[in-house]
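Using the sequences and the hints given, assemble the complete structure.
Protein chains in written order, with the working numbering: chain A, 1 to 136; chain B, 1 to 124.
Any given hint could turn out to be false.
Distance condition first, Cα-Cα at most 27 Å in a straight line; then the derived DSS-like pairs of lysine-lysine [as the list claims (entries may be wrong)]:
(1) B:LYS6 x B:LYS71
(2) A:LYS36 x B:LYS71
(3) A:LYS4 x B:LYS6
(4) B:LYS68 x A:LYS36
(5) B:LYS123 x B:LYS77
(6) B:LYS117 x B:LYS54
(7) B:LYS68 x B:LYS54
(8) A:LYS64 x B:LYS6
(9) B:LYS71 x B:LYS86
(10) A:LYS36 x B:LYS123
(11) B:LYS86 x A:LYS36
(12) B:LYS86 x B:LYS117
(13) A:LYS15 x B:LYS6
(14) B:LYS117 x B:LYS71
(15) B:LYS117 x A:LYS36
(16) A:LYS7 x B:LYS6
(17) A:LYS36 x B:LYS121
(18) B:LYS54 x B:LYS77
(19) B:LYS86 x B:LYS68
Away from chain A, derived, C-beta distances all over 12 Å, residues of chain B [unchecked claim]:
(20) LEU21
(21) PRO23
(22) SER50
(23) VAL55
(24) ILE57
(25) THR58
(26) LEU59
(27) VAL70
(28) LYS71
(29) ASP82
(30) LYS86
(31) ILE94
(32) MET98
(33) LEU101
(34) SER111
(35) LYS117
Calculated from the structure, these hints are not laboratory results. In this text, a Cβ means the ideal position worked out from N, Cα and C, and glycines have one as well.
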Amino acid sequence: MWRKVIKNVLLGVFKGLIYYGVFWVLIPWLISSVLKVPFEQPLHLAILILGVFISLGVVSSSVKQFIGIIFGVLSSLLALYIMVGVLGVVINTSVRYDGVIVEASLDYTPLMILIIGVTLIYTIVECFERLVELEE
Amino acid sequence: MFTGFKYILVVTVFFISILLLLPLLVFVWDVFQNPECIVLRFGNASYIDSEVFKVNITLSYCSSIPLKNVKIQIGSKLLEFDYINKGVVYTREIMLTMEDLEEGVRGLEASIGGFYKVVLKFKY
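Take a look at the structure:
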């Protein structure tokens with residue numbers, strides 16, 4: 001019994017860390033290093049996001065599978081919110097070059113559509129996978 | 001049942017992301033290597049009257065990623081090019097006023113490789 005609970009909790013923590021790592025660390029780092037624009041977010045927000053991802057992951061793997069699907073989907077929705085709400089699809093920056101202030105903005109909608117589309121497809125596939133497991 | 005599909009999805013996305021990012025990476029690299037990547041030159045000015053004059057503007061560009069729908073704001077006038085490519089010199093004739101010339105280049109709008117819209121505004 002306890003072994004199963006610990007296993008589910010560890011699995012949930014792992015899932016939460018994966019979501020946090022991909023959507024809060026990897027993708028923003030990739031975008032900011034390609035565009036040479038810093039991605040700066042307050043530490044408390046990062047801790048909050050990490051906490052929410054881990055909580056959703058733990059709940060998703062601990063409760064009954066059918067209810068767990070809903071929490072798994074909530075993790076994906078939070079990831080999508082980070083993509084659209086926090087990162088956005090336009091990056092604005094301002095640099096001084098040769099005495100002139102240059103205000104630059106870059107719209108990277110195609111890349112964001114790809115990430116959002118894949119997240120949605122992945123979530124739907126995962127839901128089907130778990131539903132199939134349930135039926136078996 | 002879906003594990004194979006998930007792996008294929010991740011690998012496909014990885015390669016599509018690289019393909020999507022490549023034009024942006026090359027453009028950013030070229031611009032950082034050569035900050036004067038887009039060069040505008042004014043020449044052969046001839047006065048129409050005391051206020052307005054006709055001028056030839058040549059545009060050259062350094063990056064191997066073409067720019068689409070290029071719009072350059074000079075004072076109140078807008079200069080447009082459908083495509084600009086590396087190594088090609090584009091020439092346009094435009095009517096400018098002294099006011100336009102004093103204001104200079106105010107902004108630039110383009111689409112990097114037709115994918116990423118970039119807007120630059122210059123404040124002197």
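Do the hints match the structure? See the list:
A C-alpha spacing of about 42 Å is found between B:LYS6 and B:LYS71, which places the hinted pair above 27 Å, so the restraint is violated. Of the supplied pair hints, the one linking A:LYS36 and B:LYS71 holds, its CA atoms being roughly 24 Å apart against a limit of 27 Å. Pair hint A:LYS4 plus B:LYS6 holds up; C-alpha atoms about 26 Å apart against a cutoff of 27 Å. Between the alpha carbons of B:LYS68 and A:LYS36 the distance comes to roughly 22 Å, so the proposed pair stays at or under 27 Å and holds.
Taking the CA atoms of B:LYS123 and B:LYS77, the gap is near 17 Å; set against the 27 Å cutoff, the hint holds. Proposed proximity of B:LYS117 and B:LYS54 is contradicted: the alpha carbons are some 30 Å apart, above 27 Å. Taking the CA atoms of B:LYS68 and B:LYS54, the gap is about 26 Å. The hint holds against a cut of 27 Å. About 23 Å separates the Cα atoms of A:LYS64 and B:LYS6, which keeps this hinted pair within 27 Å; it holds.
Distance restraint check for B:LYS71 and B:LYS86: the Cα-Cα separation of roughly 17 Å lies within the 27 Å cut-off, and the hinted pair is therefore satisfied. Between A:LYS36 and B:LYS123, the direct Cα distance comes to roughly 21 Å. Compliance with the 27 Å bound is thereby established for this hinted pair. Restraint check for B:LYS86 and A:LYS36: satisfied, since their Cα atoms lie roughly 23 Å apart, inside the 27 Å limit. Restraint check for B:LYS86 and B:LYS117: satisfied, since their Cα atoms lie roughly 18 Å apart, inside the 27 Å limit.
With a CA separation close to 16 Å, the supplied pair A:LYS15 and B:LYS6 stays within the 27 Å bound. The suggested pairing of B:LYS117 with B:LYS71 holds, with an alpha-carbon distance near 11 Å, which does not exceed 27 Å. A C-alpha spacing of about 16 Å is found between B:LYS117 and A:LYS36, which places the hinted pair at or below 27 Å, so the restraint holds. With a C-alpha separation of about 23 Å, the suggested pairing of A:LYS7 with B:LYS6 holds against the 27 Å cut-off.
Pair hint A:LYS36 plus B:LYS121 holds up; C-alpha atoms about 18 Å apart against a cutoff of 27 Å. Of the pairs offered as hints, the one joining B:LYS54 and B:LYS77 holds, with about 12 Å between alpha carbons and a cut-off of 27 Å not exceeded. The straight-line distance between the Cα atoms of B:LYS86 and B:LYS68 is roughly 12 Å, inside the 27 Å bound, and the hint therefore holds. The beta carbon of B:LEU21 is not kept farther than 12 Å from every beta carbon of chain A, the shortest such distance being approximately 6 Å.
Not every C-beta of chain A lies more than 12 Å from that of B:PRO23, the closest at about 10 Å, which undercuts listing it as non-interface. For B:SER50, the condition that its CB be more than 12 Å from all CB atoms of chain A holds, with the nearest at approximately 29 Å. Distance to chain A confirms B:VAL55 as a non-interface residue, since its nearest Cβ pair spans about 21 Å, more than 12 Å. At roughly 19 Å, the least C-beta separation between B:ILE57 and chain A is larger than 12 Å, which holds for a residue marked as non-interface.
The Cβ of B:THR58 sits about 21 Å from the closest Cβ of chain A, beyond the 12 Å cut-off, so the non-interface label holds. Listed as a non-interface residue, B:LEU59 keeps its Cβ farther than 12 Å from every Cβ of chain A; the least gap is roughly 18 Å. For B:VAL70, the shortest C-beta to C-beta distance to chain A comes to about 15 Å, beyond the 12 Å cut-off, and the non-interface label holds. Listed as a non-interface residue, B:LYS71 keeps its Cβ farther than 12 Å from every Cβ of chain A; the least gap is roughly 14 Å.
With 12 Å as the threshold on Cβ separation, the claim that B:ASP82 sits away from chain A holds: the shortest Cβ distance comes to roughly 19 Å. Every beta carbon of chain A lies more than 12 Å from that of B:LYS86, the smallest distance being close to 20 Å; the non-interface claim holds. Non-interface call for B:ILE94 relative to chain A: holds, since the shortest CB-CB distance, roughly 21 Å, exceeds 12 Å. Its beta-carbon lying about 21 Å from the closest one in chain A, B:MET98 satisfies the requirement of being farther than 12 Å from that chain.
Non-interface status of B:LEU101 relative to chain A is upheld: no Cβ of that chain comes within 12 Å, the nearest being about 16 Å off. Residue placement check: B:SER111 does not keep its beta carbon more than 12 Å from all beta carbons of chain A (closest about 9 Å). Listed as a non-interface residue, B:LYS117 fails to keep its Cβ farther than 12 Å from every Cβ of chain A; the least gap is roughly 4 Å.
Hints 1, 6, 20, 21, 34, 35, counting from the list given before, are not met by this structure.
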